[in-house]
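**Student:** Residue-level listing of the chains:
Number of protein chains: 2
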Amino acid sequence: MFTLWNKYPRIGKQLHQVERLINERLQTNNPNVKELLDSISTDQGKLLRPGIFLLFSQLAENPTHQDEQLIKIAASLEILHKATLIHDDIIDDSPLRRGNVTVQAHYGKDVAVYAGDLLFTVFFSLLAEVMNGSVYMQYNSKAMYELLLGELSQMHLRYSQEQTIDDYLANVQGKTAALFKLACMEGIHFTAPDDENEHLAGEIGLNIGTAFQIYDDILDYSGTSADLKKPVLEDVAEGVYTSPLLFAYAKAPEEFRPLLAKKQSINTEGIQQIAQLVRKHEGVNEARKLAQHYTDLALEQIDQLSNKKAARQIRALAIKLLSRAS
Amino acid sequence: MFTLWNKYPRIGKQLHQVERLINERLQTNNPNVKELLDSISTDQGKLLRPGIFLLFSQLAENPTHQDEQLIKIAASLEILHKATLIHDDIIDDSPLRRGNVTVQAHYGKDVAVYAGDLLFTVFFSLLAEVMNGSVYMQYNSKAMYELLLGELSQMHLRYSQEQTIDDYLANVQGKTAALFKLACMEGIHFTAPDDENEHLAGEIGLNIGTAFQIYDDILDYSGTSADLKKPVLEDVAEGVYTSPLLFAYAKAPEEFRPLLAKKQSINTEGIQQIAQLVRKHEGVNEARKLAQHYTDLALEQIDQLSNKKAARQIRALAIKLLSRAS
Numbered sequence: 141m142f143t144l145w146n147k148y149p150r151i152g153k154q155l156h157q158v159e160r161l162i163n164e165r166l167q168t169n170n171p172n173v174k175e176l177l178d179s180i181s182t183d184q185g186k187l188l189r190p191g192i193f194l195l196f197s198q199l200a201e202n203p204t205h206q207d208e209q210l211i212k213i214a215a216s217l218e219i220l221h222k223a224t225l226i227h228d229d230i231i232d233d234s235p236l237r238r239g240n241v242t243v244q245a246h247y248g249k250d251v252a253v254y255a256g257d258l259l260f261t262v263f264f265s266l267l268a269e270v271m272n273g274s275v276y277m278q279y280n281s282k283a284m285y286e287l288l289l290g291e292l293s294q295m296h297l298r299y300s301q302e303q304t305i306d307d308y309l310a311n312v313q314g315k316t317a318a319l320f321k322l323a324c325m326e327g328i329h330f331t332a333p334d335d336e337n338e339h340l341a342g343e344i345g346l347n348i349g350t351a352f353q354i355y356d357d358i359l360d361y362s363g364t365s366a367d368l369k370k371p372v373l374e375d376v377a378e379g380v381y382t383s384p385l386l387f388a389y390a391k392a393p394e395e396f397r398p399l400l401a402k403k404q405s406i407n408t409e410g411i412q413q414i415a416q417l418v419r420k421h422e423g424v425n426e427a428r429k430l431a432q433h434y435t436d437l438a439l440e441q442i443d444q445l446s447n448k449k450a451a452r453q454i455r456a457l458a459i460k461l462l463s464r465a466s
Numbered sequence: 141m142f143t144l145w146n147k148y149p150r151i152g153k154q155l156h157q158v159e160r161l162i163n164e165r166l167q168t169n170n171p172n173v174k175e176l177l178d179s180i181s182t183d184q185g186k187l188l189r190p191g192i193f194l195l196f197s198q199l200a201e202n203p204t205h206q207d208e209q210l211i212k213i214a215a216s217l218e219i220l221h222k223a224t225l226i227h228d229d230i231i232d233d234s235p236l237r238r239g240n241v242t243v244q245a246h247y248g249k250d251v252a253v254y255a256g257d258l259l260f261t262v263f264f265s266l267l268a269e270v271m272n273g274s275v276y277m278q279y280n281s282k283a284m285y286e287l288l289l290g291e292l293s294q295m296h297l298r299y300s301q302e303q304t305i306d307d308y309l310a311n312v313q314g315k316t317a318a319l320f321k322l323a324c325m326e327g328i329h330f331t332a333p334d335d336e337n338e339h340l341a342g343e344i345g346l347n348i349g350t351a352f353q354i355y356d357d358i359l360d361y362s363g364t365s366a367d368l369k370k371p372v373l374e375d376v377a378e379g380v381y382t383s384p385l386l387f388a389y390a391k392a393p394e395e396f397r398p399l400l401a402k403k404q405s406i407n408t409e410g411i412q413q414i415a416q417l418v419r420k421h422e423g424v425n426e427a428r429k430l431a432q433h434y435t436d437l438a439l440e441q442i443d444q445l446s447n448k449k450a451a452r453q454i455r456a457l458a459i460k461l462l463s464r465a466s
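Quick mapping for you: the protein sequence lines, in order, are chains A and B. Under the numbering used here, read the first sequence as residues 141 to 466, first letter to last. Under the numbering used here, read the second sequence as residues 141 to 466, first letter to last.
Hints are not guaranteed to be accurate.
Chain copies aren't distinguished; within one or between two, either way the pair holds.
[Claimed, not checked] Keeping only pairs whose Cα atoms sit at most 20 Å apart, straight-line, the calculated EDC-like set for lysine to aspartate or glutamate is:
no., residue 1, residue 2
1, Lys249, Glu426
2, Lys249, Asp228
3, Lys282, Glu269
4, Lys282, Glu343
5, Lys147, Glu338
6, Lys249, Asp233
7, Lys282, Glu338
8, Lys448, Glu378
9, Lys249, Glu378
None of these hints come from the bench; they were simulated from the model.
Start from the sequences and build out the full structure, keeping to the hints where you can.
**Tutor:** Structural data, given as structure tokens:
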């Protein structure tokens with residue numbers, strides 16, 4: 141599990157239960173798919189979304205829902221995330237994710253399509269158990285829709301030199317921030333439902349998620365393959381232009397144009413030249429400023445939460461999470 | 141729309157509403173995905189699952205749910221079906237479906253992955269609107285799970301000469317019959333809920349769905365490319381061995397073995413040889429007997445339905461639907 145959670149012993153304990161539940165739900169009697177599902181369940185990630193959900197659930201003095209139900213909601217967030225990662229890796233042709241061989245690389249793209257789909261149904265069935273009848277059924281389907289619309293929209297813009305920071309932010313808010321927003325809102329709703337606090341939690345989630353994704357994209361330009369546990373600048377070769385590149389491009393489009401025009405046929409040397417241009421035109425610094433802006437927004441909103449003790453914990457997590465690349 | 145529904149004017153009218161609703165739900169303001177979603181919504185199929193659902197809903201004298209709600213449930217069945225078709229076409233590399241170019245052939249496999257996913261969320265959101273709080277939320281997630289497990293299991297067995305008719309039936313019951321079962325059960329439940337009738341309707345759906353899939357597989361061996369609106373014997377080249385082949389294989393494995401051992405590198409001539417062997421060893425006739433067995437089971441169960449007038453309509457539909465290849 142992510143070292144981030146070491147400082148939150150109660151959440152760490154709950155996250156172990158989340159892992160156990162995910163493993164349980166990926167059990168099958170069908171010998172033809174057992175190996176596949178086992179491989180997905182052992183590949184546990186940072187559990188960021190379940191962790192944030194659980195952190196927000198601690199804002200409640202007298203939770204309305206039992207721990208067992210909270211564990212199911214936490215697991216549903218991670219399973220939805222896992223499903224989209226499996227499908228992302230098909231699109232990106234990724235050999236590695238979190239240092240592990242991806243489903244698509246190990247079992248082929250065909251299996252990965254259905255494996256992701258199967259996780260969607262596990263997500264759906266957890267929700268049907270734990271929140272059937274709640275308006276959060278709709279919120280979950282809306283978050284999933286926004287997530288996919290963000291991915292599709294990003295895909296449509298691949299290799300386009302017309303895309304702007306606004307396009308990028310719209311896609312990030314769909315593909316990443318929508319799920320953070322949901323996690324924060326659910327944390328409040330299923331322990332101490334309150335429209336105003338849920339709305340505030342949603343805004344916090346949106347801003348944390350946006351800042352998180354921007355920092356993640358920055359790492360592509362500032363990290364090494366070993367740090368990232370995946371190939372560096374994979375996104376550029378795939379035609380996904382993130383904020384460091386978009387900021388630098390805006391300053392000197394004519395320098396980037398011939399390199400980006402090579403599209404998927406760009407070689408390692410070309411990618412290195414792009415990385416140099418991004419540094420030369422301060423793309424990473426500008427992207428950091430953008431991420432800092434969303435971090436600041438999140439921190440201001442966190443300070444408005446009524447439970448001050450829990451708010452301090454959330455503040456500490458946000459700072460830790462969002463400082464990893466700065 | 142499918143000519144099958146011409147004889148059912150009320151259902152034909154409702155199915156037009158289902159088509160309109162599907163089109164509405166696939167509207168988007170996002171210019172980056174508009175063309176894609178438009179292309180999916182214009183490709184309307186036979187509407188078999190919504191039609192069967194609506195037929196079963198007519199068993200009720202005084203329906204508990206309004207027409208508008210029934211249209212949403214009918215649309216949810218078709219959208220789930222469409223989502224899985226889009227993903228199936230990725231796996232099968234299909235250029236055509238129902239005579240139309242597939243999403244994967246037109247937009248690429250990457251887009252097709254997310255397009256199918258997006259339809260899953262539209263399915264999910266329709267359910268959240270119309271049956272939030274109902275146990276049928278669980279039944280829907282269960283049906284979707286069985287459907288995908290059937291697909292994954294079929295994929296795992298590709299090119300295997302060890303597979304049996306039992307494996308085939310288990311996969312058919314997952315990938316096709318589970319959704320027919322759901323459609324029939326929902327038809328009863330959302331108009332005249334009654335445990336016994338719902339159970340009976342589920343059995344009828346399972347048997348109709350199984351027979352339907354067997355006939356569909358028979359067409360691959362008895363139809364022409366023009367009838368099928370897709371390439372003939374595509375399944376064999378993809379390593380999917382259906383009942384006509386499995387029955388014939390069981391009679392003379394040694395004749396099939398060298399041909400099947402070529403796996404994906406088999407050529408058109410090889411496929412024709414397999415087709416001849418299937419005919420020689422009566423594979424199609426045996427498969428027809430199997431389909432007839434499930435049709436007979438369905439007809440017996442239909443006769444047990446309490447509303448005799450509606451039961452006659454269902455019987456007529458089952459006979460028409462399940463006679464197309466015999």
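**Student:** State for each hint whether it applies.
**Tutor:** Evaluated hints:
In this assembly of identical chains, Lys249 and Glu426 lie within 20 Å of each other by CA distance neither inside one copy nor across copies; the values are 36 Å within and 35 Å between. In this homomeric assembly, Lys249 and Asp228 come within 20 Å of each other (Cα to Cα) both inside a single copy, at 11 Å, and across copies, at 12 Å. Taking CA atoms no more than 20 Å apart as the test, Lys282 paired with Glu269 passes in both settings, with 18 Å inside one copy and 12 Å between copies. Proximity of Lys282 and Glu343 under a CA criterion of 20 Å is satisfied intra-copy only: 16 Å inside one chain copy versus 34 Å between copies.
Within a single copy, Lys147 and Glu338 get their C-alpha atoms no closer than 25 Å, and across copies no closer than 52 Å, so neither meets the 20 Å cut-off. When the C-alpha separation of Lys249 and Asp233 is checked against a cutoff of 20 Å, the pair qualifies both within a copy, at 9 Å, and between copies, at 12 Å. Only within a single protomer do Lys282 and Glu338 lie at most 20 Å apart by alpha-carbon distance; the minimum there is 16 Å, versus 31 Å between protomers. Taking the shortest alpha-carbon separations for Lys448 and Glu378, neither the intra-copy value of 44 Å nor the inter-copy value of 60 Å comes in at or below 20 Å.
In this homomeric assembly, Lys249 and Glu378 come within 20 Å of each other (Cα to Cα) both inside a single copy, at 17 Å, and across copies, at 15 Å.
Figure legend: structure checked against the earlier numbered hints; hints not met, in rising order: 1, 5 and 8.
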